[in-house]
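Engineer: The primary structure of each chain is shown beneath.
There are 2 protein chains.
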Amino acid sequence: MARVAVDAVGGDRGPETIVAGAAEAASAGIEPVLFGPPGLDTLGLPLVEATQAIEMDESPVEAVRAKSDSSLVRAVRAVAEGEAEAVVSAGSTGAMLAASLLHIRRLPGVFRPAIAVVIPARLKPVVLIDSGANPDARPEHLVQFAHMGAVFAEEILEVSDPEVRLLSIGEEDEKGNQLTLDSHELLRASGLRFTGNTESRSLLEGEVDVVVTDGFTGNIALKAIEGTIRSLLEGIRAEIESSVRGRLGGLLIRPAAQRVRHRLDPETYGGAYLLGLRGLVVIAHGSSSSLAIANAIRLAARGVEHRVVERLGERVPERVASPQG
Amino acid sequence: MARVAVDAVGGDRGPETIVAGAAEAASAGIEPVLFGPPGLDTLGLPLVEATQAIEMDESPVEAVRAKSDSSLVRAVRAVAEGEAEAVVSAGSTGAMLAASLLHIRRLPGVFRPAIAVVIPARLKPVVLIDSGANPDARPEHLVQFAHMGAVFAEEILEVSDPEVRLLSIGEEDEKGNQLTLDSHELLRASGLRFTGNTESRSLLEGEVDVVVTDGFTGNIALKAIEGTIRSLLEGIRAEIESSVRGRLGGLLIRPAAQRVRHRLDPETYGGAYLLGLRGLVVIAHGSSSSLAIANAIRLAARGVEHRVVERLGERVPERVASPQG
Numbered sequence: 001m002a003r004v005a006v007d008a009v010g011g012d013r014g015p016e017t018i019v020a021g022a023a024e025a026a027s028a029g030i031e032p033v034l035f036g037p038p039g040l041d042t043l044g045l046p047l048v049e050a051t052q053a054i055e056m057d058e059s060p061v062e063a064v065r066a067k068s069d070s071s072l073v074r075a076v077r078a079v080a081e082g083e084a085e086a087v088v089s090a091g092s093t094g095a096m097l098a099a100s101l102l103h104i105r106r107l108p109g110v111f112r113p114a115i116a117v118v119i120p121a122r123l124k125p126v127v128l129i130d131s132g133a134n135p136d137a138r139p140e141h142l143v144q145f146a147h148m149g150a151v152f153a154e155e156i157l158e159v160s161d162p163e164v165r166l167l168s169i170g171e172e173d174e175k176g177n178q179l180t181l182d183s184h185e186l187l188r189a190s191g192l193r194f195t196g197n198t199e200s201r202s203l204l205e206g207e208v209d210v211v212v213t214d215g216f217t218g219n220i221a222l223k224a225i226e227g228t229i230r231s232l233l234e235g236i237r238a239e240i241e242s243s244v245r246g247r248l249g250g251l252l253i254r255p256a257a258q259r260v261r262h263r264l265d266p267e268t269y270g271g272a273y274l275l276g277l278r279g280l281v282v283i284a285h286g287s288s289s290s291l292a293i294a295n296a297i298r299l300a301a302r303g304v305e306h307r308v309v310e311r312l313g314e315r316v317p318e319r320v321a322s323p324q325g
Numbered sequence: 001m002a003r004v005a006v007d008a009v010g011g012d013r014g015p016e017t018i019v020a021g022a023a024e025a026a027s028a029g030i031e032p033v034l035f036g037p038p039g040l041d042t043l044g045l046p047l048v049e050a051t052q053a054i055e056m057d058e059s060p061v062e063a064v065r066a067k068s069d070s071s072l073v074r075a076v077r078a079v080a081e082g083e084a085e086a087v088v089s090a091g092s093t094g095a096m097l098a099a100s101l102l103h104i105r106r107l108p109g110v111f112r113p114a115i116a117v118v119i120p121a122r123l124k125p126v127v128l129i130d131s132g133a134n135p136d137a138r139p140e141h142l143v144q145f146a147h148m149g150a151v152f153a154e155e156i157l158e159v160s161d162p163e164v165r166l167l168s169i170g171e172e173d174e175k176g177n178q179l180t181l182d183s184h185e186l187l188r189a190s191g192l193r194f195t196g197n198t199e200s201r202s203l204l205e206g207e208v209d210v211v212v213t214d215g216f217t218g219n220i221a222l223k224a225i226e227g228t229i230r231s232l233l234e235g236i237r238a239e240i241e242s243s244v245r246g247r248l249g250g251l252l253i254r255p256a257a258q259r260v261r262h263r264l265d266p267e268t269y270g271g272a273y274l275l276g277l278r279g280l281v282v283i284a285h286g287s288s289s290s291l292a293i294a295n296a297i298r299l300a301a302r303g304v305e306h307r308v309v310e311r312l313g314e315r316v317p318e319r320v321a322s323p324q325g
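Protein chains in written order, with my numbering: chain A, 1 to 325; chain B, 1 to 325.
A couple of the hints might just be wrong.
Identical chains share a label here; the pair holds if one copy fits it or two copies do between them.
[As the list claims (entries may be wrong)] Below are the EDC-like pairs computed for lysine to aspartate or glutamate, each with C-alpha atoms no more than 16 Å apart in a straight line: (1) Lys-124 <-> Glu-207; (2) Lys-124 <-> Glu-205; (3) Lys-124 <-> Glu-154; (4) Lys-175 <-> Asp-41; (5) Lys-175 <-> Glu-58; (6) Lys-124 <-> Asp-161; (7) Lys-175 <-> Asp-57; (8) Lys-175 <-> Asp-136; (9) Lys-175 <-> Glu-55.
Hints in this document: simulated from the structure, not taken from any laboratory.
Isolated chain A (complex conformation):
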């Protein structure tokens, strides 16, 4: 039974959406505990009252320090204090990072936590790390992100000896910016199965298991993919609806189109792990629907079940201390 602390306030669609998602995820194996304002209707789920809320536009570090009774900070502290095994929030990513660093703290040896997203690519799932926690990162950080991504692929995606590539602007070793050129050399000596650079155009193909990058580049790539999927499907829909022939065809292909959309929809995978901490933290999209929240909670429970934090604790410091291992 995984006890998951859920921040009921974070997210663009209001607490009702979060509560609905939590109720949907509740099962024999998952016990969501909601953190939100007194009097919130939790559909029968347990509520821990929190009188403050962190807004999306607040400075993360200041908000986390000033609002110790916010739903986000209280939910994070529940993991730090052993009252929950994982935390899920659709609130500010920066505030989640700040609260997690302050209360849950980093695993020994970890320089910086990083966000790992599983991209539902065509051939196989791809772990993209870092997807947004570290807008500025150094080569030694990228090497550690790669190690964390590899452990994640092994433990959660059950891939043995995962193949790792570096996101860059050309497959040739010498293509990239100074960060990727320096990281490339370190990754060659990392002991990982590092097979060179990959381009963002291959991300949805799923040719490798782990793609490592800094948080700025990873976030740009991820959002470009998401936006393109949305714009393209919308463009096709509008064209189809502009003729009778198209509308009839559209009815016939609807099941096929929905299968593709379902596979690629960010709501299907729901959230991302913030890796490198002493507790399990899942960050959901700010715009999450109740389905996305339910899936983020399930993702958190899966991480608990697979003991992701313990595995990272056992293996990342060892790998970093002994790069050839």
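Fit chain B to the known structure of chain A by using the hints.
Structural biologist: Only chain B this time, still in chain A's reference frame:
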């Protein structure tokens, strides 16, 4: 009549494809001149013989210096020496940049040339600059890219007072990496109609006229969009073909799907301008088909017709010298 020097050797599909594209583009207003090996069948177009070829994996600067009789260098020199008004190559972007800097040279006041790509977005075309020339760039470079992109939008896309945004990982001013944070401040003081950050998820929507970024980030975003379009259309096709119902629907929506694909296909816009030089340089995709080459040559001719180089020469140095203008 625009005389366009065309490198017949660059590109993954061989000289025949380039020649076919040049023949397709040849018209009353466009005179392509091919640069390639002696004896090349040019379908009746003029040929300037070049005995060397620059390969994609060569070091750009060394290759350009060592191979003065390569098709790429000879085509670039034709513009530098006034024998042609524009040059088009599907060869190495790095070699085109190196040859252009060496022979055509920068416009006065320009720090670095940048690649401007027109993204065929939903609401209106968007100029993305830099799309790959400068993997590492400084804030003052980004400001100049923004000025060049704005002039391009005014002169070629005929947008008055174009709206400029900075590509980052959040719309809030304080979201980004150090480069975007520093650039944001400079752009606020640039005299451009700068309206803040934009995210990569909006690029295909077309909400603004110019999106400015460094060459690494721009290239990552552009290739993520291209790859997603390809993977998504392929995914839909495969799903549709897996059932009789889907195949029938697929036949009915084919015209609609082709209109969308045609609008978004990189082959439709064909190439990208390398801006900031004393001559017009168009870079085509390495994988260009003959249609893409023809469109890249037409793009070059349009730049000649609209006097893009002269306009940049008149306006960019002035704008950079007087940031409040």
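Engineer: Of all the hints numbered above, which does this structure not satisfy? Sort the numbers upward.
Structural biologist: Of the numbered hints, just 4 does not hold.
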